[in-house]
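With chain A held as given, fit chains B and C onto it using these hints.
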Amino acid sequence: MSASLWGRFTTRATTGLRPSASRFPDLSTPVEARPEARPRMFSATGIAGLALLSFLAALAVLGPILVPWTAADRDFEAFLQPPSANHPFGTTASGGDLLVLTLLGLRKSLLIGFVVAVAATTVAALVGAFAGYFLGWVDRTLMWVTDLLLVLPAFLVVAVVSSGHDDWIALVVLLTAFMWMVTAKAVRGVTIVMRDREYVKAARFMGVPSHRIVLRHVVPNLASLLVADATVNVSAAILAETSLSYFGFGVAPPDVSLGSLIADGAPTALYAPWTFWWAAGLLIALIVAVNLVGDDLRDRFDPALRACA
Amino acid sequence: MIDVTDLSVSFGATPVVRGLSFSVARGEVLGLIGESGSGKSATALAVMGLLPRTASTTGSIRLNGEELTTAGEKRLTALRGRAMAIVFQDPLQAFTPVHRVGAQIAEAIRAHRRVPRKVAARRAVELLDLVGIRDPHQRARSYPHEFSGGMRQRALIAMAIANDPDLLIADEPTTALDVTVQAHVLDVLKTAQRETGAALLLITHDLSVVARAADRVHVLRRGLTVETGTVEEVLRAPREAYTKSLIAAMEADDRPAAARPVRTVLEVRDLVRHHPGVKAVDGVSFDLRSGETLGLVGESGSGKTTLLMEIMALARPQRGSVTVLGRDTATLSRRERRRVRRDLQIVFQDPSASLDPRMTVGAIVAEPLVTHGRSAGRVPELLAQVGLPPAYAARHPVHLSGGQRQRVAIARAIALDPAVLVLDEPVSALDPTIRAEIIVLLESLRAERGLSYLFVAHDLPLIRRIADRVAVMYRGRIAEIGPAHQVFTAPGHPYTKALLRASTLRDDDPKIAAGCRFRPRCPLYAELPAAPRSRCVTEEPEISGDSGAACHHHPGEAP
Amino acid sequence: MGIMVRLVNYTALIVVASSLAWLLAAVTLDPRANYAGRTPAPPVAVVDAALSEVNLNDHDPLLDRYLTWISGVARGDFGRTWDGLSVGADLADRAGVTLRLVTAGLLVGALLGLTVGTLAAVHHRRWFDRLSGGVVFLLLAVPAVVLANVLIIGAIRFNDATGTRFLMVSGEGDGGPLDRLRHLVLPALTLALPLAAVFSRYQRNAMLDVLDADYVRTARAKGLPRRTVVVRHALRTALIPTTTYLTFTFGALLVGSTVTETVFGRPGLGQRLITAIQTSDVNTVAGITAVAAAALLLSAVAADVLQRVLNPGRAR
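Chains as they are written, first to last, in the working numbering: chain A, 1 to 309; chain B, 310 to 868; chain C, 869 to 1184.
If you're looking for bench data, these hints aren't it; they were derived computationally from the structure.
Take every hint as true, because none was put in to throw you off.
A short list of chain A residues far from chain C (calculated; beta carbon distances all over 10 Å):
1) 55
2) 80
3) 81
4) 93
5) 220
6) 224
7) 227
If you anchor each label on the Cβ, the simulated ranges turn out as follows:
8) C/951 / A/93: 27 to 37 Å
9) A/51 / C/951: 47 to 57 Å
10) B/648 / A/170: 44 to 54 Å
11) C/928 / B/584: 52 to 62 Å
12) C/927 / A/50: 49 to 59 Å
13) C/872 / B/648: 38 to 48 Å
Ideal Cβ positions, reconstructed from N, Cα and C, are used throughout, including at glycine.
Just chain A, with the same shape it has in the complex (with noise of 0.2 Å):
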């Protein structure tokens, strides 16, 4: 059975770690005391990442417009300046506005993190749960294909297919094909740990149909694991773009994106510092912002759950 190959591997890091009884029964909660109000939604860390990860999205957002130059535009008066009043970020060999080039990649980048994020967490959540849920066939045929798709290396296969498409949607069709699943196996390993779940034997004891078993009471209830996993996956997203692009695999001209930006600034990072820098700086902060947040959600819904970071 191919399911306990990386199954194994991920339901230990996910659910087997933690001893399941908490550690003093005895002076944690009564049962019949009140229950506690819910817990705030974000720590002091969350918040920070929040809020650096609102700016870096205004920016990418607004920025492009508020520029007066624009991507196409070439300034034949300054290649490869330094920061100036007229180009705040510095000028590319070729004259390109690094501001505007900047701040469009960060908008692609951030882009095609959050759909590949979203949609690779979906068909993770749909794939897991199923297979978690029937077991038997459909489990061995889901996480077969799952297992093959984590035997493929994944880089080489997205740019042997992404060198013949210059289509960024493309990209995040075939990055998303190559993110959902470790998250799918995590889910399969919770789900099956569910489908034991008293509330579930209860639905399923009252005659209600599985596929809305799995849509109504296992999913919704996966909701803080896939919030979790899926803002960790916005910056495996953005991080695998960037490697692509940066070997030209990813985003091709004339859309830019962070890893383009760098794949082009590294050769000239020497001595000019600016081409390298201000993408990278941007690139470092915004997976730090998206990390801060994903590991709040983390800690706050599911602390079983750190352990796969």
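Using the frame of chain A, we list chains B and C on its own:
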């Protein structure tokens, strides 16, 4: 020996122990009793100096005159395991899973004495022998998961007494165990205490444990002392209402015996469910008649839960048959099965697990109605029937107490007007006072609606109070079945006798391939002469008819 | 699951994965482009002949080409590159280069990560935990391409400042062990630092879970000193899940060090992956896929074996 004066413990702003004082002398057993949240485990950890850093402690704890609350970690490390030792509950988690049991006991010895590895290992084997582990040489080399629950608990006791401590604390030492095994572990604990002459602080929520093992008792509630005295005094003449309610829950009167109703609503015949390597249900037959309550008891692993799930699945069993209101589940079409589900509903043990936390109470109670194409308009009426205000429909389960949640689960179960309700330990997750209320509710619903209950519980007094008939399960089969008063007053099967008297039975016996499966633990078998014995070895005893005991040698059986 | 079933399943996964990669590459890539820029342009017939020679001619039916390739694989022949080299021999050469890099990176990363993670858990919410947490967080946000380039810039500055040429930023080195070492330092660090960050988080969480466990309390209750409790009971148990994770990472890294190898110009598998796509080497793409799949599945087997060794009690 140990003197605790005015001890208070709090976690952050939450006090868990408030002004507790007690002392235990050498050779004495003090029972510390209280339900969950009463602060008894926090007290144990405070004495051992093992409270988490977030806890703050005031008051004084003196062991042999030495103040412990102000002692440094180094001094406490030296005292732990030598002067004072503790036996934790949940023995599965209490041993490090990757080390052998013997090695962990030897480690406790070597932590305090400079003895060679071999000597410590030999001593570990002796200790395992002392707590009644069979074949201790072999068993010392086992890993914790290879032990049964009772064996692990006894091994923990062995580890605790390894250095002849002055004070022995046992924190819920029998909670995770079955009645008959509990008795054995308590006996071992008493033996261990006698051998070492230690003072024993016995912490439990179970009054019967205190009655069996303690000299004096100290009743705690929400961190406060409710009453204290000798076990005799407190059990015979409790002064506080709380103690009285604890004692009342232990006692039971029989239901009046009545003629059995005629209509059979649920019939199970020779039902078999084998998992790989486990014969979970191995030929079970019984019937449940209209308006009747059948109590089902048995130790963990006896197959009760598997039996319930087999019934609830309404599918073709591996062998045997299940018939609900005259319909054999093996022949049902998908549509018919849905139809039958309306007549057979279930209430689970833990209401916080059986209600979908993301749904409102209203949606939860409406789900069976909507699934079967009925209007959700009955939800307020159903809530009222289980004693909940209609406004609760908008709440989520987390905002209800345990008792209220179980009421919601009951409302959901009766929404479709079923004929049979399966109740799987419906009150064992609740505190005693709430327990009584839910039982009253269930009884009145049964009377009003003429429901039939299949009621699973491990609480024997409770079963005695509410069941018309009782079935005792043992390792996948019914050991004894019959009218409640008959089973309780004149049990026919040696296992039933042991259960009712909470006699000592070990839980480390080999599984039997043929003959009577109770044989290895059977006190009767042990005394039999060779000739009648052979029947137990070769022939599986059967119950014929709707009452009886699966024993070749019980009084009603021909010799 | 029987060993045979597993073997069959793994073999099937490898065959299907590399076939899929071969087909995708054969449909998408265009080996003919390698001849396009030449002056004088070679005659079509010559190009066709050259491509057919190495089974890369897109004018031949796809199915025929696939059958040729797969029957070669069945005989242990992974085909040829567009310029006629044996894919098997080429990859075997490069596997050694990658293996050295990955082993060094993983060792350093694992040691660093496990140490930091364990200490952070033991000093939960104290300064070390917070500091290491911050550093780890930053490291996790730095993409490999940025880290590699930053290390190169740093090394050049360092060399300039000290007037030496100790840290080398390109190639593998062909001199003695010292030369190889100074070529290895930076790429190994590029791999090791993010790995250490991930491992330390993983180990920290594993340790925190274990430090909460009842058996750690039991160990303390029997009077063992704190250090013994942490090492013999907590760390020993926490290593079980972490080792599985480490083993899987090793399998994934064999092709996953693409960025590092390319930026530092080390002729390994990861770098070959890039050039294979650039030169439309369908057979090499499929070959690398087979190697990657096999590495991952081997690491799955290794993880299972390690589990058995580390977890004799088979604790869940």
